[in-house]
Every structure is written in C-alpha cells, then in structure tokens.
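Q: For chain A, the structure is supplied; the task is to place chain B on it using the hints.
Those sequence lines, one after another, are chains A and B.
Quick note on numbering: our numbering labels position 79 of the first sequence as 79, and the sequence is numbered without any gaps.
Quick note on numbering: our numbering labels position 484 of the second sequence as 484, and the sequence is numbered without any gaps.
Careful: at least some of the hints might be erroneous.
[Unchecked claim] Cut-off 25 Å, straight-line C-alpha distance, at most; resulting in silico cross-link-like pairs (DMTMM-like, lysine to aspartate or glutamate): (1) A:LYS39 <-> B:ASP302; (2) A:LYS77 <-> B:ASP263; (3) A:LYS39 <-> A:ASP113; (4) B:LYS238 <-> B:ASP257; (5) B:LYS238 <-> B:ASP248; (6) B:LYS238 <-> B:ASP227; (7) A:LYS39 <-> B:GLU537; (8) A:LYS77 <-> B:ASP203; (9) B:LYS520 <-> A:GLU35; (10) A:LYS39 <-> A:GLU108; (11) A:LYS39 <-> B:ASP525.
It is worth saying that the hints were derived from the structure and are not from the lab.
Below are the chains, spelled out letter by letter.
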Amino acid sequence: MASTRTRIVLGEVAARRAPADRAHVDLAEQTPLGEALVKGLVRAQLALALRLSLVVVTGLGALPLLFAVAPAVGGAKVLGVNLPWLLLGVGSFPFLVGVGWAYVRWAERNEQDFTALIRRPEQ
Amino acid sequence: MNPYVVPSLVVVVLVTIGIGAYGLRFARTTSDFLVASRSVSPSWNAAAISGEYLSAASFLGIAGLVLRYGVDVLWYPVGFAAGYLALLLFVAAPLRRSGAFTLPDFCQVRLRSPLLRRLATVFVVFIGCLYLVPQLQGAGLTFATVTGGSYGWGALAVGLVVTANVALGGMRAITFVQAFQYWLKLTALAVPVIFLVLQWQSDGRPAVAPPAGPTFAAVTTVTIQQDAVLDGTTPVEKGDELTFAAGDRVPTVSTVDAHRGADWLLPGREGSLFATYSLILATFLGTMGLPHVLVRFYTNPDGASARRTTLVVLALVGLFYLLPTLYGVLGRIYTPQLLMTGRTDAVVLLLPEAALGGGTLGQVLGALVTAGALAAFLSTSSGLLTSVAGVVFTDVLRAGRGGSVRDFRLATMLAALLPLALSLYVADMDVSRVVGLAFAVAASSFCPLLVLGIWWRGLTDVGAAAGVLAGGGAAMAAVLVTVLGPPLSGWPAQLVGEPAAWTVPLAFLVMVIGSLVTAKRVPADVGALMLRLHAPEALRL
Chain A
1 MASTRTRIVL
11 GEVAARRAPA
21 DRAHVDLAEQ
31 TPLGEALVKG
41 LVRAQLALAL
51 RLSLVVVTGL
61 GALPLLFAVA
71 PAVGGAKVLG
81 VNLPWLLLGV
91 GSFPFLVGVG
101 WAYVRWAERN
111 EQDFTALIRR
121 PEQ
Chain B
1 MNPYVVPSLV
11 VVVLVTIGIG
21 AYGLRFARTT
31 SDFLVASRSV
41 SPSWNAAAIS
51 GEYLSAASFL
61 GIAGLVLRYG
71 VDVLWYPVGF
81 AAGYLALLLF
91 VAAPLRRSGA
101 FTLPDFCQVR
111 LRSPLLRRLA
121 TVFVVFIGCL
131 YLVPQLQGAG
141 LTFATVTGGS
151 YGWGALAVGL
161 VVTANVALGG
171 MRAITFVQAF
181 QYWLKLTALA
191 VPVIFLVLQW
201 QSDGRPAVAP
211 PAGPTFAAVT
221 TVTIQQDAVL
231 DGTTPVEKGD
241 ELTFAAGDRV
251 PTVSTVDAHR
261 GADWLLPGRE
271 GSLFATYSLI
281 LATFLGTMGL
291 PHVLVRFYTN
301 PDGASARRTT
311 LVVLALVGLF
321 YLLPTLYGVL
331 GRIYTPQLLM
341 TGRTDAVVLL
351 LPEAALGGGT
361 LGQVLGALVT
371 AGALAAFLST
381 SSGLLTSVAG
391 VVFTDVLRAG
401 RGGSVRDFRL
411 ATMLAALLPL
421 ALSLYVADMD
431 VSRVVGLAFA
441 VAASSFCPLL
451 VLGIWWRGLT
461 DVGAAAGVLA
471 GGGAAMAAVL
481 VTVLGPPLSG
491 WPAQLVGEPA
501 AWTVPLAFLV
511 MVIGSLVTAK
521 RVPADVGALM
531 LRLHAPEALR
541 L
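Pulled out of the complex, with its shape left as it was, chain B reads as follows:
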C-alpha cells in the first residue's frame, strides 16, 4: 500500500477542520453563516458552490466512463457544466429575489400551496437520496482500491462518518471550507496530469486506441472479479489471477461491457441518438433541481450577484471538467486491466502509480488524487445530507420551531439509511449513470416548476402538482425499475434507462394544460410576485 495516502488524507481532514474553525470566528450558527456570507465576493461564493457540486461522479466517474465507452460519454461533463448555464438563464436571479431558501419554500412563495410544498418535499428527499448513492459508491470504491479492503465496508464506513459528522454538526457549511475543497479537487487532478502527459511524451506517444484493441504497457497481474469467459473461448473463475507481459493484447471479458477497437474514438457508438438526447436534456435541465445547489444561491446579496456567481461557477466547473477526460484517455494506455475487472471508476486513483511507476513521484501523486477523491465525496455528501436532513426535519417530522437537536439527528439518520442500503445494492452500476438518473428526476419535476413559476403568470397550484406528479412520478418509476427491476431490452430499456427525453416534455405539457384548465386558481397577487421576482433591487420597491 502507498505509504503517503494515510498522511495526505489526515492533512485534508485537518486543513478542513482548521479552515472551518477559522471561519467559525466569523460565523457561529447556520443563520450567522448566511449573514456573514453577504460580505463574501461572488468568486468565493462560486468556488464554494463548485466545491459542493463536483462530486465523486465528476472526480472518479467521468474518467471511468471515458475509459470504457469513449467520446460519447463526454456529454456527461458537458451537461453537468451546461446545467449551470440553464440555471443562469432561467432561474438564478429571480430565485434569489423570491427569497426562497429551498424548493419547498419556492412552492410556498409562488403558489401558496401547502399541498404542493409537501409534494416538493417528497421529491427533494428522493433526489437527495438518489444522489447520495453514487457518492457512497465512490467512497467504497476508493476504499477498496487504496486499501484492498471490501467495497461494502468502505461505503458503510464513509457513510457512517458523514452521517455522524452531519448529525453532530461537525461539518458546517462554511463558505471557505467548500471553496478550499474546490481548489483541492482541481489541484489533485491538474498537477498529476502534467506529469502523466510528460510521461506519455517520453514513452514515445503510444497510440490511445490501437486498431487491434488495447495492450498492456507493463507486466500486469489481473484478478478476475466474476466468473466469465475470456475472448469468447477460455472460461475463468472469480479470484483467478492471470499475468500478462508488456505488449500482450488485453483479452475481452464476457461480463464487462466496454468498447475495445479504434471505434472507441468515434461518436455514436455507445447508446442510441435517443439516449444521447435524453442524457443532454436531463443534465442541462436537472442541475437547477438539485437540493444542495439551490440552498447556496440564498447566500448572494441580490439577484445581480446571483447571476455573476453562477457565471463564475460555470467557468470554474468547466475548467475542472477539462481534466477527467485526459485521465480516461491515458487510462486506455496505462491501466487497461480495468477493462478486464470492470472497475473503471478507479482509473483516476490508479493511473499515477501505473504510469509513473511505484517510485516516490508516482506514490505522492497517487496520494494527491486519493486526497482529492476524499474531498469530493466528503463535501458533496455532507452538503446533500445536510439539505435532505433539513427538509426531513422541517417538513416530515414537522419539528418546526420547537424542534430539538435530537430531532435533527434523527432526521439525519433517516436520510442516510436508504442511500446506504442502496449503495450496497447497486455496487456494479457506473457511478455517473446513477447520477444521470438523479438528474433525470430533477429535470422532470423541479425544472418545469421553476421555469414556469418564474416566467408564466398563468401557473396554478393544481397544474403544478399535476405536472410534477406526471413527469417526476414517471421519471421516479423509471429509476426504480432501472435500479431494482429486471433487466429490459429493446425500446422499453431505452425509455426506462434514459427517461428524460419523454418525462421532461410530459411534465411541461401536463403543467401547462392543468394550469389552463384551472385558470381561476391563479393567485390574485401574481402581478406583485412577478414584480418581486424580476425587478432589480436598486428600485427598492
């Protein structure tokens, strides 16, 4: 095991606690934090939002998908970034001006409907739990890769640490801590990649996708993870150890789905056009519906700064997403054994030592990316769990103002239980795929609600509830079938596996028709609301 990993993880945790303690001098409680952050500039605020947003799926998952499937999965990072553009164009400034702190709050402000508020709560909890699953998956995978322990124990251990941390109030949502996590994650990918590219140059620029399929760059021993058939002829059993010499062709493994030949470089090989557009729709429109993203917009002093903050987030997130692709591409050359084990999500963690050798440089850089991965799932899962637990606390336990800290701890544990169980169950799914499903549900429920609520006077509470139930409910059902149901094939598999292309239009359609039918229920003060959402604060109305 790499001797630098444990010290680097300890340093990350200590620095996080240190900055948190420094920040606490300015902000002691959650509400202090909100007021204090009014003096924080859009760039700090944006780094904090990016720090919370760039999760295990971004840090580990994208490189793994690229290694496996090639250029088609680049729509994931493009969509994750473009989601902030949709948020900027349609939501950022009016949402800040509405004064809503969470999505259920927005329902209450805009449509004054307690019923819709409760419905929104259900979706916040569902999306939050679904988005927590891949974080825990990433944690389990990192644990298994770095220590050689089992995936399940890793996910469980990190899940328990995060739950205890949030329940005991250890991880406060201090802007500076989250901003630090962003720069740590960026550094943890950017510094090693320089050395990796130099190494690739000095190795004589080996081809990324040789026509005969990937070959081993060095002597490699591969442990088979499941009973399978190699190259369609040789059966192997779980636990078998196979050793390959440098230059050997990587055999195909029947249980691992991956693209092998030169067509890995070409678009349109993975999934259909329908699946690609569905993914684009889900990621472009889903970001605005994620529970831990919206909370942070409240920390902007006014609508105009909310807009500027979003623009900086878009730039920071885009800068980060330039890097994972390179890891996936170089992984094709230096860690092709992952195409045999199927653990492609580990490519970021393994690549530095695989490419640069087991010397000090490789080990130090390997420890750096591991520290970045720790920052990725700690920051996102803490932020998510805090916002889901907060909603469970106020809207499900009905604690209201009389709620005790004990109730909040109970809420945290309730919110953590389901994702933990699910993360053990879906161990074999790609991290980014699960995230894509969470985006699909958010895009089919909260995106229409926010966009129509902000720009259309005619929206009614009945129409909004019907639209959320139809579109969001359909997407939710599709997710449950994908994760828990039997494997499908053909068109049903497409429609259920990538539901956004039909659930998002369905939600918009039902919401508009439902509102037109119940036009009498349009709130009487909608004019004043529109003024509040769209007029610049400088007017002091």
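This is chain A alone, in the form it adopts within the complex:
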C-alpha cells in the first residue's frame, strides 16, 4: 500500500500569507463565494477548450466526410498536388499549432482575470 499524498505547508509560508485578503480567504476556506469563484474559472477554461476543439472537429474532423460526400474535392489538384495530400500532409500541422497557440493565450488571460478578481483591493 503506497503512502497517501499529503500537502506540506511550511509554517513560515502560512504565516506570510496576508489574512486580510477577503477573496483569498473565501477561496482557501471553500466558502460558498469561494466555490462560486472556482466554478466560474473552471467553466471559463472548459468553455474555451470545448470551443477550440469544435474548431478542430469542423476543420479537420469533417474532411473524411467531405471526401466521401464530394469525391471531386478529393481529386482536385493545387499546384499539381492532390488537395487531400496538401491538406493532411502539410496544412494540418500549422493549423493545429495555431489552435494551440490561441488556446495558450486565452487560457492565460482567463487565469489573469481570475487572479485580478481575487487580488482586487477591497472597496
């Protein structure tokens, strides 16, 4: 039986944390308000991830169906190369990287918004 993981918090770090910060306390003590804040963050990140996966599903996932429904697209040539070869063999990789880049940007922005919300000075 492996030992269970425990979170070790050094006394010094715990003492340094400013207790005056209300939102911080809400989060750490899991008050209803804190729960709602975390749920908001999780929902925002999940919505972002789902939206971008929808982009990939329509951009790449629809291709086999398209080739099956419209064989003319599969036979079309661009610069002397068949279109499916270009789309899958070359185009798909920059597309995936582009979607990933957008995700990293927006996910970090979501986190900054969350941090700003927690750290906002009390009125």
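A: Chain B in isolation, oriented as in the chain A frame:
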C-alpha cells in the same frame, strides 16, 4: 553492406553516452533529475518530450504505410500530432498542478481509491507492453534490412540491449539526451530528403502514381518472401529470385496488400469511413493516456509552463511529421520492390541508396537514416520500459520504499518479456497499426478518466472504475482478438480492428452514469481539489 552504417551507429551511442555523462554532472539520481529540470526551459523540455515520443512507428512506420496505402493513412501522423493538442486543451496544466507523477498517482490524488489505482496499473502495463511491441518490430526490421540477418534475432538483440540498459541504469532519463535524440531524428530525415527531391527533379520528375501501376526505376532483383501468385497467374515460391529491368511494371503479389493504380492518390480507398473516424478518435485522445508521456509533464515548474511546453511539442512533432510522407511518396518511384516483398516499413532505410545510387553520397545518407532509426527505437523503448518497470516495481511487486535495485531489475525483465514474445509473433503486422491499437486502449481508458476527473466534480471512484473496465476492457479484448485471434471479415472485423469509435463513447457513458448512480461517493474535498487543479500558482493558495 554499407560501410558507413556501423561507424554512424557507434557515433550515435557514444554521443548519447557523452551527453548523458555531461548531464550527470548536474543530476546524479532520478529525483535530482526532476529538480534539475526545473531550470530547463520549455523548449528544451519540449524537445525531450518529442524525442521520447517519436518512435519507430513515426520514423519508419508512417512512410511504409504511405507507400502501401496512399493518402488515407496520413491520418496517423495528423492524429499523433493532434493528440498533443487534446492534451494541451484538456489535461496539461491541471495535471501538472495535481502533482501526480504517473496515471495511478492521479487516481490516488483525485479519487483516493486504492482499487482504482490498481486498475490503472493494469492498464499502464498493458498499454506500455503493447506500445513496446512495434518498437522491437522496428528494431528487428532495421537489423534485417541493414545486415541481411533475420528479423527475429534483430528484435531479440535490441530487446535484450534495451532491457539490460534500463535494468543496469545505463540510460538515464536525462532531458538533454532525449532532446538530442529529437534533433538527430529530425536531421536524419530532413537532410536526405533534400537530396532525394533534387534527384527526383534531375530524373525529370517521374510520375508518383502512373495509371498502369508502379514501375521499376532501375534493374532490380527481388527475393520473394512467401509462396504467392504473381499477377494472378504465375505461382512463385518463397526464396525465388526474380530480376526486373528498368521500366518493367511491378507485378502484383497475392500475399501483399497494397494499392497499385492511380487511385493511390485519392482519399477514401483504404478502409471505411468508420475505420477512419475510429483511428482519428484513438490517436486524438490516446496520446494523453500513454505512460511515458505523462511522466515528463512533472518536470515543468508550474501549470502555465506545462501548457507552453505542450505547445512547443506540438510544433516540433508537427515539423517532424512533414517528412515521412515524402519518403513514402518517393518510395513509390525508387523502391517499388517493397510492394512485392511486403516489407514497406523499410522504405526510409532503403530509399537513399536506391534513389542516389550506391556511391558515397547514397551510403552516407543511408547510414544517417539508419542512425536516426536507432535513436527512434532506443529512446522510445527505453522511456517506455522505464515507466512500465517503475509501475511494476511500486504497484505490482509492492516494493515501496524498501525495494532494492534487484527488485527493479526483476521488474524490468518482467516488463520486457511479454513485448519481446509478442514482437516475434506479430512480425507481419504494420508497425503503425500496432501503435494504433495501443492508442485505442489508452483513449478508451485513461482519456475519460483524466478529462472527467479534471473537469467534472461529480466523478466517483466507482463510476471511474466501471468506465475504465467497460471501455478500456472492451478495447483490450478487441486488441487481443486482433493480434492473437482468427481473422475476421465484414462488420465484426471493422468493430474489432478499429475499436475506438465505440469503446471511447462507451467509457465516457459508463463513467458518467456510474458516477451519477453513486453520487454519494463524491469526495468531500472535491472543491479544494478543483481549486488546486485550476487556480494559477501565482495566487499561492
């Protein structure tokens, strides 16, 4: 035999050991390695992850499949790369913040269930073993192609070398070694391809897929591998040697399945729409469940850098996957004899000498791709074997903290035995197909567990175990039937050969329903867990 091959292989091994020794000045033990890598930038870390990920299936297998089947199999490289996008979107940052080092660890952290941990262990071992098989296959094939020896001895020799290496602690998972392996693999494909394309230009751009089927580019002697019928009329026996002149049409061989005419260029010829979507689902969602991939995410200092690392991995892996396709396409012109022998996975190794001639340039480039192939199966199989042996060591032998080095060596040998036996048995399967099966099992077991565990509060241990058993178990059974069972035909063959399209939804469904039914078992501290998984570290909660 090419005189440059042995020196180049020796150089690869020496440089690997050299960088490893240099890295050891900073990191002496595995745990030192983890701490040391905190000072490693996301780009180095990403090169290391890519170096471990790009296996024999990527280096040899994809080009072989393209040579055989054409555009439809490009879904393999696209899926292998897109798997990192799914990992980035749904898993990377929260998983790093969970502090889990392996998948069984994640089960323990998220659901506090020892039973689920044990179940996850079974799947890690199964997926790891299944993924090791194609690496050994690639090794055996390379050995047979380069030295002319037998496939079985090659697989056995490399399997033993890797096992001994891991068991004796020779190959430490030093970030710099793995990063070097990535750049070596990229160079080994990128440099020869420049010369190959130039040669194709100077040959007057011969057609890739002439309507009458492929023709020989030069005088070629082909050794038949199995008793078969040529062009449906002429019987030949194993070991027969046939010589063809330049310009002769390549005859069909009844035992080798390949696409021959101009329809090789068109999509939708290989397998059904169901099989294509099943493959897409397996590769897109399977990457996050591979045991040797997740371990490396722990080396990121925080969630945000885990995300950036994954993005760089996606770019590096995508860059690499531009190349194997070209080898498969040019192989159609310069190595069509592989369509007769069925050893299409060897196209990357044979193409430089076939296209550029047996002169110094062809031989040097041939040695370079062979060195790249060596790097491919050494790095992936060492990484895999280390992570599987580690899980066997802690969770199966129950060595825990009192475990000795001898126990770890025993675990390594246990973990290596099954893949070695299997690799001898499935010698005839395409390398990338076997990899696709490993991805299907990972996608139907760990993908739902990770995604629901990270994003849904309602997941319970009972629901998770039921989902893993239903989806992962079904995929596992399908793999066993495919590899060991009798050949099937019609719809059963589709459902069993490409199981992901039904096993992945099944796993999600059972997991959600099982959790809703046992909603009382949701861990009481799930709120704190969600905070830990998703809140940025900057808050210092």
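Q: Look at each hint and say if it fits the structure.
A: Status of the hints after comparison with the structure:
In summary, the hint linking A:LYS39 to B:ASP302 is supported, as the alpha carbons are separated by about 21 Å, within the 25 Å threshold. For the given pair, A:LYS77 sits about 14 Å from B:ASP263 by alpha-carbon distance, which is consistent with the 25 Å threshold. Of the pairs offered as hints, the one joining A:LYS39 and A:ASP113 holds, with about 14 Å between alpha carbons and a cut-off of 25 Å not exceeded. Using a Cα cut-off of 25 Å, the hinted pair B:LYS238 and B:ASP257 holds, with the two alpha carbons roughly 17 Å apart.
Restraint check: the Cα-Cα separation between B:LYS238 and B:ASP248 comes to about 22 Å, which is no more than 25 Å; the hinted pair holds. Proximity of B:LYS238 to B:ASP227 is assessed by CA-CA distance (about 5 Å); at most 25 Å being required, the pair is judged to hold. Using a Cα cut-off of 25 Å, the hinted pair A:LYS39 and B:GLU537 holds, with the two alpha carbons roughly 17 Å apart. For the suggested pair A:LYS77 and B:ASP203, the alpha carbons sit about 23 Å apart, so the restraint of at most 25 Å is met.
As the CA atoms of B:LYS520 and A:GLU35 are separated by approximately 19 Å, the hinted pair is consistent with the 25 Å bound. Distance hint between A:LYS39 and A:GLU108 is fulfilled; the C-alpha atoms sit about 17 Å from each other, no more than 25 Å. With a C-alpha separation of about 14 Å, the suggested pairing of A:LYS39 with B:ASP525 holds against the 25 Å cut-off.
Going down the numbered hints, you'll see the structure goes against none, and every one checks out.
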